[in-house]
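Visitor: One letter stands for each residue in the lines below.
Number of protein chains: 2
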Amino acid sequence: MQDPNRVIRIAVDAMGGDFAPEYPVLASAEAARENSNIEVIIVGMEKRIREILEKNSIDLPNIRIVNANEFITMEDLPSEVYKTKPDSSLNVALRMQRNKEAEALVSTSNTGAVLLHSTLKLGRISGIGRATISAMIPSQTGSTLLLDVGATVDCRPAHLFEYAIMGSIYSRDILKIDKPRVGLLSVGEEKVKGNEVTLEAFEMLEKAPINFIGNVEGRDITRGSVDVVVCDGFTGNIILKFAESVLDLLKARLIQYSETGFTKKIWAGMISKTLKKILKTFDYQEHGGAPLLGLNGVSVIGHGASTPYAIKKMIFRAEDMIRNDINGKIAEALKKIK
Amino acid sequence: MQDPNRVIRIAVDAMGGDFAPEYPVLASAEAARENSNIEVIIVGMEKRIREILEKNSIDLPNIRIVNANEFITMEDLPSEVYKTKPDSSLNVALRMQRNKEAEALVSTSNTGAVLLHSTLKLGRISGIGRATISAMIPSQTGSTLLLDVGATVDCRPAHLFEYAIMGSIYSRDILKIDKPRVGLLSVGEEKVKGNEVTLEAFEMLEKAPINFIGNVEGRDITRGSVDVVVCDGFTGNIILKFAESVLDLLKARLIQYSETGFTKKIWAGMISKTLKKILKTFDYQEHGGAPLLGLNGVSVIGHGASTPYAIKKMIFRAEDMIRNDINGKIAEALKKIK
Chain A
0 MQDPNRVIRI AVDAMGGDFA PEYPVLASAE AARENSNIEV IIVGMEKRIR EILEKNSIDL
60 PNIRIVNANE FITMEDLPSE VYKTKPDSSL NVALRMQRNK EAEALVSTSN TGAVLLHSTL
120 KLGRISGIGR ATISAMIPSQ TGSTLLLDVG ATVDCRPAHL FEYAIMGSIY SRDILKIDKP
180 RVGLLSVGEE KVKGNEVTLE AFEMLEKAPI NFIGNVEGRD ITRGSVDVVV CDGFTGNIIL
240 KFAESVLDLL KARLIQYSET GFTKKIWAGM ISKTLKKILK TFDYQEHGGA PLLGLNGVSV
300 IGHGASTPYA IKKMIFRAED MIRNDINGKI AEALKKIK
Chain B
0 MQDPNRVIRI AVDAMGGDFA PEYPVLASAE AARENSNIEV IIVGMEKRIR EILEKNSIDL
60 PNIRIVNANE FITMEDLPSE VYKTKPDSSL NVALRMQRNK EAEALVSTSN TGAVLLHSTL
120 KLGRISGIGR ATISAMIPSQ TGSTLLLDVG ATVDCRPAHL FEYAIMGSIY SRDILKIDKP
180 RVGLLSVGEE KVKGNEVTLE AFEMLEKAPI NFIGNVEGRD ITRGSVDVVV CDGFTGNIIL
240 KFAESVLDLL KARLIQYSET GFTKKIWAGM ISKTLKKILK TFDYQEHGGA PLLGLNGVSV
300 IGHGASTPYA IKKMIFRAED MIRNDINGKI AEALKKIK
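Sequences listed follow chains A and B, in order.
Heads up: the first sequence begins at 0 in numbering that gives the first Met the number 0, then just goes up one per residue.
Heads up: the second sequence begins at 0 in numbering that gives the first Met the number 0, then just goes up one per residue.
Hints are computed from structural coordinates only; laboratory data are not their basis.
Incorrect hints may appear among the rest.
Copies of one chain are not kept apart here, so a pair can be met inside one copy or by any two copies together.
Below 25 Å or equal to it, Euclidean Cα-Cα: the simulated PhoX-like pairs (lysine-lysine) are [claimed, not checked]:
1. 175 <-> 192
2. 190 <-> 82
3. 82 <-> 337
4. 334 <-> 178
5. 192 <-> 82
Turn these sequences into a full structure, and let the hints steer you where they fit.
Guide: Listed below in structure tokens is the structure:
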């Protein structure tokens, strides 16, 4: 049993995201202030990080700065920069994790780069063929965990099987859902419906030690009738981005409507406010980022536009994953199966 | 050049859908009443069809009834009923089309059955490897045509290529979009992003005689930045069903909100009404069903829950496809390419 109060060290990549280094630094400070059981290691250009801390009069004992002279941009090709930018903030942060100087990474940098660097630096849990990125999609009763949302575009049935095991453990121990219902995303509920990969995955999942409820369809993701939805990274990525665009669509339509008259303008504004409240779970900022699962370590990825609030939630999510020993549980589950 | 006023004969499968035969019959009558340039052939159990017509005092010269003693249910396995129910309303209607006694089919029956029966009875256009089902998804500027949404779950690159050609012609001549922008659904805009199938399809589409704008992402479907989005039937089906569920999600959230107080109840009701108006294009009833493209004939499929209004729109869509000779144009385009 772990000491529930032991200090967890989390490395935050200060140089990734649309508002770097300001937002990651402010988020780090906020997290460190709220939670003295973590130490936040801010990795990036030390001078700029210090400026932000000073400007905001932040001086906390559980914040540490580690310098990194390079950083990765959204345009960088992941496989290239791994070699050309060995001292990127991302790489330095991951190196610390490999050297046991930190236990987790939080980054709002280039998703592909975080995925590739994390996989190369940390390696995968024994028995896992592919790491996966998961995401939360709003549902009628809360949210649904969807994975994979883009780590692996061409999946084999065994990968879907692993996603199901990992998603089930994450849902149970981090999202606190009792006996999470795991569904395989397909084009019909019947066992015979699906593509070549899902048909084979279905056979494997029937025997898995999880609460597998069979095939689910596109509409089930938002229905609240399933907790974990498993799919290949191609389909998952497209759904995630489609889901993210729905709020923009609503907003655009409300604006069009408001342009048809003055009263409608006021009315549209009022509706918009209520909708925002009602659709809070549509907001990825609430969800603590997208954890990578299957790695020998912890990496939590966030949207490039993440606010300090969203990044703070990611830091706490990383802490949560360590305290609950998610990786240990995944490794154990896989050992039992094989 | 066709005579623009010649009478088009359209066979309506009266026995398919949740409210058959009532809704298909009422829709047929409404269409025949509004448009004297079509003859609607209602196919199904004659006695029941006559009862509905009499009960509603419908007596129109351009309605004809053709008896069919069997019908297909939503539970029927398409490949089985093709043999066991040779005299289903669906099969009788398609046989008429093959025998040139009708030019189109409209059905709200079991989608898989309509697809299989249509393909077997009508055959494919020369040069087409797979027929496709298309659907309209709401966007910020109107709607986006998405195909394939479920006809073929395991697509080859050549199938995606064909979908692009067919979608482009349909969008131009039926949806009246000038030089429709055709996008390939993928996980990133760059040419190198995609799965094995889309990467190869991209190469083919670059040389296609259409306005190919490259890869598009999940979020682009609703953005209004692309007119035709091409994908495999597995991904497309999941997106379509996911999109259909978004309105239910909004509704459910509004109901939850309304339960928190009396004023909120009234407020939620008012919002709901406005949303309905704003999101009219979310309503599949408006879209004239989902045409099958690539067949040597015309089949328009509708949702099982389609209202008479929706089915009427499907009948007019079928008429439109014939008057615009969509199939002739597809065949011609393919001949030019090969």
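Visitor: If a hint holds in the structure, say so; if it doesn't, say that too.
Guide: Status of each hint after checking the structure:
1. 175 <-> 192: Answer is neither; intra-copy 31 Å and inter-copy 35 Å both fail.
2. 190 <-> 82: Intra 45 Å, inter 23 Å, cutoff 25 Å: inter-copy only.
3. 82 <-> 337: Classified as neither: same-chain Cα gap 36 Å, cross-chain 45 Å, threshold 25 Å.
4. 334 <-> 178: Within one copy only: 20 Å inside, 56 Å across.
5. 192 <-> 82: Classified as between; 21 Å across copies, 44 Å inside a copy.
Going down the numbered hints, you'll see the structure goes against 1 and 3, while the others check out.
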